[in-house]
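Asks: Spelled out, the chains give:
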Amino acid sequence: MTQVEPWVILSFCAIIFFIGFTGVLIRRNILIVLMCIELMLNAVNLTFVTFSKQLQHMGGQMSVFFVITVAAAESAVGLGLVIAMFRTLRSVDTDEIQLLRE
Amino acid sequence: MLALIPLFPLVGFLINGSWYAFGQAPAGCHKAGSKIPGAIATLFIFSSFIVSAFIFNQLLSMEPEHRFIEQVLFSWMKVGGFNLEMAFRVDSLSTLFTLVITGVGTLIHLYSIGYMSHDETPGKFFAYLNLFCFAMLMLVIGSSLPILFLGWEGVGLCSYLLIGYWYTDEEKAKAGKKAFVVNRVGDLGFLLGMFIIFWTFGTLDFTELKHGVEQAVHTGTLVADASVVTLICILLFVGCMGKSAQIPLYIWLPDAMAGPTPVSALIHAATMVTSGIYMVSRLNFFYALSPSALNVVATVGAFTAFFAATIAIAQRDIKKVLAYSTVSQLGYMFLGCGVGAFSAGVFHVITHAFFKALLFLGAGSVIHGMHEEQDIWKMGGLKSKMPKTFLTFAVGWIAICGLPPFSGFFSKDEILWQAFSSVHGSRVLWGLGAVTAVMTAFYMTRLFYLTFLGQPRFDEKKMVSHHAHHDDDHHGHDHGHSDHSVGVHESPWMMTLPLQVLALLSAVGGLMGIPHMSWLEHWLEPVIPGHEGAHGASLVGGVDPQMEWILMGVSVLGAILGIAVAFKLYRNLKGVEGLAQRFAPLHRALENKWYVDEIYEALIIKPLQGLAQVLWKCFDVGVIDRIVLSFGRVSAWTGQTVRLMQTGSIQVYALMLLVGLVATAGYFIYGWH
Amino acid sequence: MSISPFFFYAFASIAVICSLFVILKKNPVASAFSLVLVFFAFAGIYALLDAHLIAALQIFVYAGAIMVLFVFVIMLLNADVPSFDMGRTHLGLKAVAGLLSAVTLGIFIWTFKSSAWNAALGPFTGDAIEASGGNTQVISELMFSEYILPFELTSVLLLAAIIGAVAIAKRKLSVGRSQ
Chain P
2 MTQVEPWVIL SFCAIIFFIG FTGVLIRRNI LIVLMCIELM LNAVNLTFVT
52 FSKQLQHMGG QMSVFFVITV AAAESAVGLG LVIAMFRTLR SVDTDEIQLL
102 RE
Chain R
48 MLALIPLFPL VGFLINGSWY AFGQAPAGCH KAGSKIPGAI ATLFIFSSFI
98 VSAFIFNQLL SMEPEHRFIE QVLFSWMKVG GFNLEMAFRV DSLSTLFTLV
148 ITGVGTLIHL YSIGYMSHDE TPGKFFAYLN LFCFAMLMLV IGSSLPILFL
198 GWEGVGLCSY LLIGYWYTDE EKAKAGKKAF VVNRVGDLGF LLGMFIIFWT
248 FGTLDFTELK HGVEQAVHTG TLVADASVVT LICILLFVGC MGKSAQIPLY
298 IWLPDAMAGP TPVSALIHAA TMVTSGIYMV SRLNFFYALS PSALNVVATV
348 GAFTAFFAAT IAIAQRDIKK VLAYSTVSQL GYMFLGCGVG AFSAGVFHVI
398 THAFFKALLF LGAGSVIHGM HEEQDIWKMG GLKSKMPKTF LTFAVGWIAI
448 CGLPPFSGFF SKDEILWQAF SSVHGSRVLW GLGAVTAVMT AFYMTRLFYL
498 TFLGQPRFDE KKMVSHHAHH DDDHHGHDHG HSDHSVGVHE SPWMMTLPLQ
548 VLALLSAVGG LMGIPHMSWL EHWLEPVIPG HEGAHGASLV GGVDPQMEWI
598 LMGVSVLGAI LGIAVAFKLY RNLKGVEGLA QRFAPLHRAL ENKWYVDEIY
648 EALIIKPLQG LAQVLWKCFD VGVIDRIVLS FGRVSAWTGQ TVRLMQTGSI
698 QVYALMLLVG LVATAGYFIY GWH
Chain G
2 MSISPFFFYA FASIAVICSL FVILKKNPVA SAFSLVLVFF AFAGIYALLD
52 AHLIAALQIF VYAGAIMVLF VFVIMLLNAD VPSFDMGRTH LGLKAVAGLL
102 SAVTLGIFIW TFKSSAWNAA LGPFTGDAIE ASGGNTQVIS ELMFSEYILP
152 FELTSVLLLA AIIGAVAIAK RKLSVGRSQ
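Taken in sequence, the protein lines are chains P, R and G.
Using my numbering, read the first sequence as starting at 2 and increasing by one per residue.
Using my numbering, read the second sequence as starting at 48 and increasing by one per residue.
Using my numbering, read the third sequence as starting at 2 and increasing by one per residue.
To be clear, the hints were calculated from the coordinates, so they are not data collected in a lab.
Glycine residues also receive a C-beta, built at the ideal position from the N, C-alpha and C atoms.
Just so you know, not all the hints are guaranteed correct.
[Stated by the list, open to error] Calculated lysine to aspartate or glutamate pairs in the DMTMM-like style (CA-CA distance at most 20 angstroms, straight line):
| no. | chain 1 | residue 1 | chain 2 | residue 2 |
| --- | --- | --- | --- | --- |
| 1 | R | Lys221 | R | Asp667 |
| 2 | G | Lys27 | P | Glu75 |
| 3 | G | Lys171 | P | Glu75 |
| 4 | R | Lys367 | R | Asp644 |
| 5 | R | Lys219 | R | Glu645 |
| 6 | G | Lys95 | P | Glu75 |
| 7 | G | Lys27 | P | Glu97 |
| 8 | G | Lys26 | P | Glu75 |
[Claimed, not checked] For the chain G half of the interface with chain R, some residues (derived, Cβ under 7 angstroms), not all of them:
| no. | residue |
| --- | --- |
| 9 | Ala98 |
| 10 | Leu101 |
| 11 | Val104 |
| 12 | Thr105 |
| 13 | Ile108 |
Please work from the sequences and hints to get the whole structure.
Replies: Structure below.
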């Protein structure tokens, strides 16, 4: 078969996305949670590109361009937050971040 | 005008009651004299008597068909087809009752001033007495069954209040409770009867009911001895069983002797217990339609008379003897009504009111003079110590034994004759009545002999010390204790005057019902139609009119026999004791009132209490409490469980997002298919 | 879509396996390196899909800059010890999360499979792009004409991010200490 159906690629994106989402839910280490967020963003990027190719429209790839940029900015700021938090908590365990707890 | 009759005692109740409630009770128990509240109460009931006499006078001058006075006060309630008015109706029957109630009541009020002079709360006592008179008068002059029932319940309430007047003594309080509860059992029958009457006839007013029944008989829709009429009569009679102390609901009356003696005289001899006979006589048109119900009434009455007389033979307490005697005489009255001779029953009510009140007041005088001693085996020889009491008591004694020409003879004899000769009567009923009459003579003579005659069986010196001790609490009473140092004394004029008046009435009161000239029967004719087999020539059952005089002779002989046997027996006290030993089991059974209370306790009260326990433990606590508490527990549990969502961890919140997403997606997909 | 199935499935399997490593490995550094491999695989797939610029940017920015930053922070915080959090605590929650994710994944795949492509096709066919000078040329031309506004705004965003990151991560001056 020389054809890969579009839905296969999209499903692959969905798989990656949900692997990343599961990682956000089950890991307690903040840094790994941030990594899983990047994973999710990547899956979305691939979806955009797939659609771009399928629909022969450049909007998808333009969006990916901007998503990558924003993801970079976001991870920088996020890691800065982790460092700032680490100064007080002395740990990167999410279970310690419980100030919202009733 | 009619409303004044019950209104006077009501006002008396309010005055005495308010004075007691606001004046004496809060200020603590400082002693107050009995003269003022007593005078107020007596005055009001006497005014009622004057009005009753006036009404009676008016009725005397009226034609038999129109011999009634009606007064409607206001319309009490109008619900659907049921219209109840607060209305009074005085006719030949109720005017007799009002005269007796107010007349005897006035005498007893006067007596109480002396009797209760040492009491701590006389205001309360006289307030209750007036309230009772109010309720009783409402009972007899009400023009419909609900008003009658109002009075019925009211006298039950006052009976409870007055029996348990000295409520600090638990036995006395229990007696009051017993009276009320047993009366309620009877009232249930009364209520059911009322409901069925309303359901069948659509009205509860006496005049309308009488017309309705006559119409129904005329048009043939209501045949004699129809089951619904029988049911009504029997249910109403259940109410009488409670209020007028017939078998099986008589058990409260002997215990009611725990109350003060004037109460026993007024309520449990002369008035309240006769309300059953009033009700039956008022509704005679119902009972006349149902021979089976009449049979029940007569049989229960005769049997009660016999049964109570057997118990009275062995009692030691002077008041208990009189109490069982009352039960027995009430049985006679129902026997009279039950054989169709309602006027004979009413006649016996009136004469019984006279001599029984007299006997009770006399007993009260004895008790008072003997410093609260009530056991007749500890009395004796009071003839010389309390002469006025002795003489008046003797009059009452002869009246109840049924010797002519005193009143008891005429009324009792009328009942016995009707029991023998009436269509509804029978030889058996007459036989029971006659034997009971002999027993009545016997035990009353026993009572009279042991109390007043013979040698004193008490130590007067002990009495003196007791009395001196007793006297220390008295302040300023005018008992006229002239023979203070002797110990046992005659009572003051306030107590002996009523005794004398009642003795006079007991002696001559029978004249209103002399056979073949019976003024009473003609007077009652508008209410209680003439009865076949009375004194007319047409007799069903083939009873010879000559039998009447023969039976009269028989009953007089029976009474004399009873008196003679009692005199002979009790002259020799050692012989009496020997006799009691020989028949020890029987004697014990009689003295313990045939263990009726114990039987009721075992068969009815204990199972009910057990049932109540079971229902309480298993159902109320186990089921209902659990259900109610579980509401709280479920709420708390729900709160606790939902609270688990608030972990403060963002990852958990993200999980919740996912859950919501899945749920929503699932809902939409489900709808897609 | 006429791409080579062999290469696609190869890259895809690498990506899936490595992303599983990311979430399942105890050591954060191992997770980070797995993530880098994921990015490389993705770049390969982008290239397969004729998004050449994106493929290049993926490697420069993601694998080259962002992951380096991640590893910096891991080492800075001494968090490279095997992670504490793959124990058996909250196992129930983890199971539920995994299950629900699987369910949602199933829903997505089913949706993708059963939907039809009805949208109108745009003008950027493969030949047209080649004729215009290639993928990068086309993207650049579009960037500075149609998408100039988002471009400028993104640069402002980056500036803000830089300043923000510095401000947050900076060591705070305490009162009374001269600096």
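Asks: Which numbered hints are broken by the structure, listed smallest first?
Replies: 1, 2, 6 and 8
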